[in-house]
Amino acid sequence: MNKKFSTLLAGALLVTAFSAGAANVAPNDVKAGEYYLIGNTTDGYLTIGNNYNQTAKDSIMFINAQADADLWNLTKAGYDEATGVQRYTIKNKNGVVLSVAKSDKAPFSIRGGISEFEVAGTTATGYSISGAVAAGKVLSLKKATSLTETLPINASPMATYNIEDPGTKTLVAEEISDFSVFTLVADPTVTKNPFDGVVVRAKDVTSAGQAWIQFEVADKKDFFIGVDTTFTTIHNQQNVFGAILKADSTYAVNEKHTVGNADFQLFKVVKDLKTDKMTLTVKSAPVKTRANTSTPFSIQNNAVLKYAKIDNLNVLTVSVDTQGSALAFTQTPGTPASLPNGAGVYFLKNKNTQTGSVANPNYDKYYGITPSSFLASVSNYVREGQYYVAEENGKYTVVSRMQGNNAAAIYALDGVTSPREIYKVSDNVFTFNGTDTIEFVYAKEVTEAKDRFLGYKYFSQEEIANEAFGLNLVSNTPGVDNLYAYAKNDSLIAIQSTEIENATLFKVKANLYNNVNSDGVTYQAPYYNNAGAQILGDTLSTASYQIVEQYGDRKLTNDVNNAFTKLKYVDRNGLWFTFKADAKGDYMMTANNYRMSFNVNTSELEFLSLLDTKVVNYFELVKAPAPDYANLGAPGHKILSSSEGDGKALSMNPASLFAEIKLAGQENYIDSLFGLWIDTACVEDIAKPLYYVTTGNGLSEADLEAGYKYFLVNPYDSVYTVDATTGYENPNSNSLYWNDSEFKVKAAFVKAKVYGADSLTIARENPTAVDTLKNMSVNPAAMAFMTTAETTDESTNLIIENTVNAYNGLGAGNEQLYIKQTSFLKVINNVLVWTNRKDEAHMFNVAATELHPTSNDSVEEGASAISVIANDGTVTIQGAAGKSVVISNILGKVVAETVLSSDNATIAVPAGIVAVAVEGEAAVKVVVK
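Under our numbering, the first residue of the sequence shown carries the number 36, and numbering increases by one thereafter.
Incorrect hints may have been included.
Below are the DSS-like pairs computed for lysine-lysine, each with C-alpha atoms no more than 30 Å apart in a straight line [as the list claims (entries may be wrong)]:
no.: 1; residue 1: 178; residue 2: 140
no.: 2; residue 1: 786; residue 2: 855
no.: 3; residue 1: 344; residue 2: 227
no.: 4; residue 1: 227; residue 2: 137
no.: 5; residue 1: 126; residue 2: 137
no.: 6; residue 1: 485; residue 2: 873
no.: 7; residue 1: 323; residue 2: 400
no.: 8; residue 1: 92; residue 2: 430
no.: 9; residue 1: 126; residue 2: 140
no.: 10; residue 1: 492; residue 2: 459
no.: 11; residue 1: 601; residue 2: 544
no.: 12; residue 1: 601; residue 2: 619
no.: 13; residue 1: 928; residue 2: 918
no.: 14; residue 1: 523; residue 2: 479
no.: 15; residue 1: 177; residue 2: 255
no.: 16; residue 1: 544; residue 2: 873
no.: 17; residue 1: 400; residue 2: 523
no.: 18; residue 1: 255; residue 2: 386
no.: 19; residue 1: 590; residue 2: 615
no.: 20; residue 1: 928; residue 2: 964
What the hints contain is simulated information worked out from the structure, not anything from laboratory work.
The whole structure should be built from the sequences, with the hints applied where relevant.
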């Protein structure tokens with residue numbers, strides 16, 4: 036029964052179908068609180084609805100079905116003294132007042148204008164209903180025959196209609212009230228009335244092939260109101276007259292009872308449609324037969340509830356004849372209860388002790404995924420078994436949080452998705468339908484957390500960009516910990532007892548899903564809305580991720596493509612994993628319809644079906660230790676030399692502005708290109724200082740005075756652009772910054788200057804707002820110098836890292852979403868590119884350097900008898916016979932060492948900047964071509 040709780044007032048009727056109404060009545064005879072049909076069997080009966088399939092339910096129409104027609108009350112309104120015309124206000128039971136436009140083209144619709152009508156005629160001929168539009172213009176009511184028709188003006192004759200008594204109707208349980216529980220109140224007030232102030236619910240019952248109604252006491256299960264075998268003494272009482280009514284259980288004839296009372300608790304309810312008053316008739320009632328003590332009662336059928344006048348009291352009883360006075364029942368809504376904690380998330384516990392005549396097997400169990408399934412236990416961390424309760428004007432709707440975008444009725448309590456009153460049975464135990472009793476257990480922590488990813492791991496953008504993880508198998512053996520997943524030599528994933536430093540660390544990549552916002556606009560997001568009581572605005576989401584080597588491109592997947600067996604890291608598309616949480620915050624990892632499982636015999640990880648009954652393994656996500664970064668000290672000119680000891684260093688190609696590693700003097704690389712100015716970009720994170728790597732070579736004096744330099748950058752955003760049609764980010768293979776052979780973004784230098792405290796402004800012909808870089812954490816020019824296992828101090832064997840924003844789909848407002856992406860400098864044929872694999876990164880040594888010479892002659896100032904001249908591939912030293920000489924490149928590597936045998940000695944050396952140190956003299960730097 037999908038109705039609300041209410042209260043019945045006494046004033047009665049009874050029957051099982053409609054009964055014919057009485058003869059027509061005159062408008063003057065219509066009393067307050069009485070409602071009649073207006074119409075006839077030819078045109079039908081006046082109703083307000085949506086005629087001719089119009090959307091608005093405001094059409095004035097006539098329908099043939101009396102049962103569906105509106106009932107109307109006529110109340111005297113204005114009176115015209117001059118003409119003696121009495122006007123009436125005509126209002127239906129729904130409170131709609133008959134009102135039409137004051138126009139000679141008034142539509143057949145409720146409109147403001149004329150709301151008082153002359154009702155002229157007789158009960159024999161029927162009545163016309165009309166109103167004055169203007170002098171000489173009278174509008175009248177009739178049945179419309181088309182959508183465009185207007186109400187007739189000065190019709191002759193006017194259409195006439197009867198004002199008919201609508202008769203009576205025998206009700207079924209749900210027709211008694213708009214509420215499933217109600218109180219019966221007698222009219223007039225009577226004593227010895229078990230309905231008085233008692234909340235009851237109506238139940239349909241079939242007995243001997245006939246339909247009856249039981250009235251069960253709402254807060255006393257299996258107690259029904261009916262006729263008792265006790266009597267009130269009344270003068271000259273006969274038959275059943277004087278029998279008392281009470282609430283009692285149902286019993287059969289036994290050693291305690293000489294007569295069963297089942298039929299004494301069955302009623303027919305007949306409603307007078309004109310007044311909404313009801314009369315109650317009980318199926319059977321006892322009659323005292325005092326002469327025969329072995330059978331003290333006989334039975335009379337169809338006893339009507341009436342009252343007896345005893346002294347000054349009206350006493351409730353029943354009658355099968357003319358004894359007693361008529362009694363009627365009306366109903367008014369009762370006062371529903373409210374949930375103490377209001378709207379939110381709840382667990383629902385089944386408190387029905389019986390299912391029909393047998394014990395309820397689901398008693399004290401929790402409602403499950405749907406209200407038809409049950410669980411032995413529930414959890415704040417598990418969606419299954421959670422229900423969302425919405426409140427609206429004191430009414431409640433309850434829907435399972437597993438509904439998602441499925442049909443709501445399957446997941447809604449009683450299949451009802453509209454608000455209903457709720458009624459208290461006992462502490463925290465309530466009922467909606469009067470039959471099922473439910474304990475509402477408030478999930479306070481869940482409600483307040485408002486976690487849309489409840490029960491699943493959702494990696495934040497910061498975690499995706501900045502964190503790496505190790506997978507630690509949760510052991511079921513006390514004391515056995517640190518069981519980390521690692522990739523064996525064959526790349527299969529196994530478990531070993533070790534520390535996280537020896538685990539195979541990974542990062543995650545979010546999947547992008549198409550979602551639809553409240554305006555129906557599709558957007559991309561790294562999650563999909565697969566659960567929650569969405570019909571109530573409660574949304575739960577799940578995300579899935581690829582597992583990628585921390586510093587690599589290989590992804591975790593099945594070792595044999597399309598076969599769910601073992602797991603390994605491979606160079607093909609990885610599986611998308613979801614991380615389903617337990618109460619401790621550990622995760623069952625699933626992909627498709629499989630879960631990740633530990634094979635105790637091989638120590639390897641493998642896939643098992645989600646339906647497999649073997650032990651379910653959970654894994655702890657352990658964050659990898661943060662890497663260490665070098666502090667390069669005060670700003671200054673520094674040289675970034677290759678750690679491979681090949682004499683090469685990072686420089687800017689003066690023609691293309693790409694970053695390369697070269698030898699000094701190689702091609703057009705002059706010494707000053709290797710002296711890079713390294714300055715602090717940001718030190719917000721003390722553990723990870725960021726630096727600008729710049730050079731002033733090739734800039735005009737004006738640019739230098741204006742503060743411009745060439746900055747080393749990761750031009751990712753110039754290569755990867757978002758396609759306006761597809762919404763996906765793809766590399767532009769025609770970009771100057773794209774290395775097509777390696778599918779990498781080239782490292783380059785761009786003209787820019789520092790703006791304000793830490794912002795950077797890129798110089799362009801047509802600058803825009805995006806050319807000012809303010810977010811240091813994703814600044815393409817902000818470099819970090821990560822230490823490695825080979826780093827012996829803070830200046831050797833460092834790798835250069837940069838972080839930028841990478842496109843990550845469209846948000847709910849169709850805005851572009853981004854995540855952080857970290858890259859490292861890699862060398863390919865002397866050209867520097869950006870890679871996401873740390874193991875491919877090139878290592879550099881950082882050392883301070885002096886300003887470089889600008890000619891091929893001696894660069895030392897002051898007089899000296901010794902002269903050093905640089906030639907093509909040689910150095911000539913004059914005036915130093917007999918002295919020792921050491922020649923080094925700019926990295927300090929000795930390339931020649933000898934004792935000069937003449938005053939004009941020529942020594943072969945590699946091209947580039949070299950320092951010539953003659954015994955007893957200061958070193959001289961020259962550029963060898």
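Comparing the hints with the structure gives:
1. 178 x 140: Within the cut-off at roughly 15 Å; holds.
2. 786 x 855: The hint holds at about 24 Å.
3. 344 x 227: holds, 12 Å
4. 227 x 137: It is violated: about 56 Å lies between the C-alpha atoms, which goes past 30 Å.
5. 126 x 137: Cα-Cα ~18 Å, so holds.
6. 485 x 873: Violated. Residue 485 to residue 873 sits at ~38 Å, over the 30 Å cutoff.
7. 323 x 400: violated, 48 Å
8. 92 x 430: holds, 25 Å
9. 126 x 140: holds, 23 Å
10. 492 x 459: violated, 38 Å
11. 601 x 544: holds, 21 Å
12. 601 x 619: holds, 27 Å
13. 928 x 918: Since the Cα atoms of residue 928 and residue 918 sit roughly 20 Å apart, the hinted pair holds (cutoff 30 Å).
14. 523 x 479: Answer violated: residue 523 to residue 479 is near 46 Å, above 30 Å.
15. 177 x 255: violated, 54 Å
16. 544 x 873: This hinted pair holds, its Cα atoms lying about 17 Å apart.
17. 400 x 523: violated, 47 Å
18. 255 x 386: Answer holds: residue 255 to residue 386 is near 14 Å, not above 30 Å.
19. 590 x 615: This hinted pair holds, its Cα atoms lying about 20 Å apart.
20. 928 x 964: holds, 18 Å
The structure is inconsistent with the numbered hints 4, 6, 7, 10, 14, 15, 17, although it conforms to all the rest.
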